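Engineer: As a plain string of letters, each chain reads:
Protein chains: 4
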Amino acid sequence: MLIELKPHVDRFAFIRRLERMGLQAVAQGEQRISVVRGMEEGVMPELFAALPEVESVRPLKEKFKLASIAAAKKTVIEVRGKTIGGNELFVIAGPCSIESREQMEVCAQAAQKHGAGGLRGGAFKPRTSPYEFQGMGEEGLKILKEMGEKYDLATVSEVMDASQIDLVASYVDILQVGARNMHNFTLLKELGRIKNPILLKRGFAATYQDLLLAAEYIISAGNPNVILCERGIRTFETHTRNTLDLNLVPALKELTHLPIIVDPSHGTGRRSMVLPMARAAVAAGADGIAIEMHPNPDRALTDAAQTIGFASFEKMMKEINLIHKCLSEV
Amino acid sequence: MLIELKPHVDRFAFIRRLERMGLQAVAQGEQRISVVRGMEEGVMPELFAALPEVESVRPLKEKFKLASIAAAKKTVIEVRGKTIGGNELFVIAGPCSIESREQMEVCAQAAQKHGAGGLRGGAFKPRTSPYEFQGMGEEGLKILKEMGEKYDLATVSEVMDASQIDLVASYVDILQVGARNMHNFTLLKELGRIKNPILLKRGFAATYQDLLLAAEYIISAGNPNVILCERGIRTFETHTRNTLDLNLVPALKELTHLPIIVDPSHGTGRRSMVLPMARAAVAAGADGIAIEMHPNPDRALTDAAQTIGFASFEKMMKEINLIHKCLSEV
Amino acid sequence: MLIELKPHVDRFAFIRRLERMGLQAVAQGEQRISVVRGMEEGVMPELFAALPEVESVRPLKEKFKLASIAAAKKTVIEVRGKTIGGNELFVIAGPCSIESREQMEVCAQAAQKHGAGGLRGGAFKPRTSPYEFQGMGEEGLKILKEMGEKYDLATVSEVMDASQIDLVASYVDILQVGARNMHNFTLLKELGRIKNPILLKRGFAATYQDLLLAAEYIISAGNPNVILCERGIRTFETHTRNTLDLNLVPALKELTHLPIIVDPSHGTGRRSMVLPMARAAVAAGADGIAIEMHPNPDRALTDAAQTIGFASFEKMMKEINLIHKCLSEV
Amino acid sequence: MLIELKPHVDRFAFIRRLERMGLQAVAQGEQRISVVRGMEEGVMPELFAALPEVESVRPLKEKFKLASIAAAKKTVIEVRGKTIGGNELFVIAGPCSIESREQMEVCAQAAQKHGAGGLRGGAFKPRTSPYEFQGMGEEGLKILKEMGEKYDLATVSEVMDASQIDLVASYVDILQVGARNMHNFTLLKELGRIKNPILLKRGFAATYQDLLLAAEYIISAGNPNVILCERGIRTFETHTRNTLDLNLVPALKELTHLPIIVDPSHGTGRRSMVLPMARAAVAAGADGIAIEMHPNPDRALTDAAQTIGFASFEKMMKEINLIHKCLSEV
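Residue numbers (my numbering), protein chains in the order written: chain A, 7 to 336; chain B, 7 to 336; chain C, 7 to 336; chain D, 7 to 336.
It cannot be assumed that every hint is accurate.
Copies of the same chain look alike in the list, so a pair counts if it fits in one copy or across any two.
When the alpha-carbon atoms are kept at most 27 Å apart in a straight line, the in silico DSS-like pairs for lysine-lysine are as follows [to be verified]:
| hint | residue 1 | residue 2 |
| --- | --- | --- |
| 1 | LYS195 | LYS148 |
| 2 | LYS80 | LYS321 |
| 3 | LYS331 | LYS259 |
| 4 | LYS67 | LYS79 |
| 5 | LYS88 | LYS331 |
| 6 | LYS79 | LYS321 |
Please keep in mind that the hints were generated in silico from the structure rather than gathered at the bench. Quick caveat: nothing in here was measured; it's all calculated off a predicted structure.
Chain A with its partners taken away, still in its complex shape (with noise of 0.2 Å):
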């Protein structure tokens, strides 16, 4: 249930009013309440729309319900001047593990100079198997706050565990939640108690509803700052790496306000494959792109055969700019 109050009213004091119904209530921007639980106990809204604070009330039927596009305005996150979600497109870019600091420097020169907006860099890893690179850790997450800084690009980082959620903050903007991870619900809750950006990856086995109750998860426990990102599901197409799903894009753009980023590099697995993905992606109305990107693709200790160079990086850029330019004339 979403309540609109009237104005003046103290929408804390409300909340707290609720909470001793039972009810469990978010604010959302000035006016509005979100009641998330305790809505099963046949609590009737018709009672709340007649209370004199109340403007108006309307259902939520779907189960997520902060996430829910009926809960909230287009949501807008601005990290180091460039936003997220607004106008604008917000590209990451940067290889998949930091390697060292002088791939870190070239990566993020290239970033800057063509317009990305965030640098990314894995410094822990989910490796499927336990004999691969792990990454360079906490020494990785210095190498990224330095070029962050250097570059003013917005940091991006995966914590993959609810005890590094502390460590990962102190250096990183925004933190990534893995495929992988994108069902650990310890992790998502923990996630809640801070206030940097969250940029949450669809599982490969996610339906749409799983990624907005994972978003959910993160949302309810007092982080709204969540942003969405496909990177290819699982299906019996062996040709590429994983089916990268754009239907996802407008799909998601009629049942949530958070932002969509779409990751052609894991997507598709295929380095040839990643540009007119990206192109594919922004056209059917992403609101920024997350890519791979190394001085020399074919050494990439990790990912290395969807990983692209700073030529095929600059023509993305000019490419995807291009049509958004164009889409938001139409």
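Got chain A; can you put chains B, C and D on it based on the hints?
Structural biologist: Only chains B, C and D this time, still in chain A's reference frame:
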């Protein structure tokens, strides 16, 4: 094996020589021959390279020989003065089912007015249930032919069985093979007998290789005019009717010389998603779009939920033409 | 709608009366009639219940009417003195492709010796590539017929197109519709004209409902003798060729009265998995098993990797009969 | 690489020598060592075969080294006097969620009476929505422990995060990793620190190799007591909640020495399908079954639709024991 002949060599005489050796070969262009059968018997390509008529010899590693990008230059198909697979976008629009002369006339007008090249309409409908509307049959084909001629549009309609080919081909320019028939090998072989372009829809659990091998059936039987069509696959996601797989577009551009068209109506099953996914398809590099359009979409006898009206169609044409133009200028 | 008639009412006269009202009805058993078409026009079942000839009326909610468990008692099909769908297991064994008289004779001997009821062998082969072995054709069917008669086995072979039905039916007891043709509606309807049992294989992306509606096409066209066959679906798993979906067995036992057979050869694509999955199928309640068997499995022209030899076949028969017997005693 | 040592060689001293060479090795059994890391640097197995302490050397080709069937004999795990992976079936029964002492007591009685070896019950529940019942927590674990001791049943409960391991392990015999956490690598590594058996559920889009690599995380971190559990994957089929993939059982029997348990409750999501699929799992060769059981299934707080009652449980135990016995006699 691809054999490049020297200038002025009689390629048909050369093919007959190959046939006497137990090989099956097909002429491709002026000087090129593909040997598609018989190679498995241990024929050594070096021997052919030594012949005086032969310029060079190349292997054809893929299971699909004639559909392979190695086998030919980009296929450009001409119908009614428009090209498919060339520099222009080819848009096919029309209702799922032909319902009446009036319905087809207003569709044809809208298609022509906004720049579509093709008019579609089903006369024989493959329906999952035997109790659903099965189409108007030949009566519908007559209407389609009339409107195609009156508005100078290439007509497209489905052929469900080998026994219908001659009937459908006598009325229609482009014969469609539906997704459910992509593996109907008898039908595919028989379509090799005619010269009409074939719009071959991807089966909803067909891999890219399966689709190319289905095309190979048609081409190897004598008809090189195959247009591939992505229309969504079956995955675990239930929000959309199917999962439109745009990855196919750039993937197939690397594997085949055949034109590729995308059908966002069946691919998503949702009217509101048709436009964004049409834009995305063009941005990914598709040669055209096939959509379901109806003067009164909610009253369409079949596929109402995914059918758009004329105003949306006009908007779609503007958007995809803009994207197509802007990409051709990069 | 299911109409139960009173004793001694002439059901065919009654059906003709229904037809004059614009309804299509099918007789099922002595006193029962299914109305399968025309109900959508707002016909009220109560009116029929009030007729003097009518004992009772029940709704048929599923889209599949005649295949529905509500429509009939368990279908038991008799071929050459064996039953399918009754109390005994019905096992179909034989090579993927008929290759020679000698091959078929030893297969038939082994099948008979170890208690199989059916002998399979492909004469017309649906192959993904046009360059692969396409079968022996009519010559193969003659061999199959001879061996079926000599060893008193019900013969099973695939029909790929409506135009082949009469030819195949003139040699073979049970006509198989392959997975790739499950949605070939023209073929399905034409199979309704004959009386031979039809072994209908599940398409590799067909839902349970899709399969039952395919059966409905055959039954509503006049042939009630349909045997359903699970043979694996397409999933993301690549270790096996397909994912044999045994859940279908208990699920369909609740939805339909038709017999259900499982094919663990295609279902897994791996010889070593055929026996355990055959056992599992019988334990799940399957009415029979269809397997690929060859005197020299490694030399089979088609499907070698999933074909078992005679010793394994003997072992399988022992195991599944043991399980079948032990379950019938619970 | 697997190194078989000669008798009386000190394997731990040998492992230390390997470590000085930059290799990581793990002892397996009395005379066997697996080298799991460092081989990629070009180490030549022949050199090791020449050492005086070494009997023989074998390659370990799979990415999963310690979980590989080449690495060890069949793993048999003992808990409370019962074995998992040996000659007896190990059945785990109990409610999805622990709800009360009374509920757990009647479940434990029924489990013991009909021959189950394990008692399950969730105390920390991973729920897709944050607004659903999240479990009784530690209070539930106390009840579970009490009932396990009173009725001599091995207790099984889920651990959702690395931070919960010590708490859960202090009450519970077997710690379960849920399907949604199969790729939570931090959790997997930390489970390597303890000695309790781990019931590792397959992620719903995890391949067989993914599952074995998840097991490898636990084993390589020090805990060899891993039990694999199939619980259904996501496919296009919507009739069942998941698609129970019994092919996993024979497939993994060829790839790993670890015990395999099947969960037909989550695998199908339908009460009526639990018994047939439990029978099928045992017929396919599973080492055990895990099912959801409740004194009043319709009133279960979670997973009611797939939970069976005591009478069905008794029937299931009879049926699967009969099949297990009959197969052991073949």
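Engineer: For every hint, state whether the structure bears it out.
Structural biologist: Hints versus structure:
{"no.": "1", "hint": "LYS195 <-> LYS148", "in the structure": "both (26 Å within a copy, 25 Å between copies)"}
{"no.": "2", "hint": "LYS80 <-> LYS321", "in the structure": "between (30 Å within a copy, 24 Å between copies)"}
{"no.": "3", "hint": "LYS331 <-> LYS259", "in the structure": "both (19 Å within a copy, 26 Å between copies)"}
{"no.": "4", "hint": "LYS67 <-> LYS79", "in the structure": "within (17 Å within a copy, 42 Å between copies)"}
{"no.": "5", "hint": "LYS88 <-> LYS331", "in the structure": "within (17 Å within a copy, 29 Å between copies)"}
{"no.": "6", "hint": "LYS79 <-> LYS321", "in the structure": "between (33 Å within a copy, 25 Å between copies)"}
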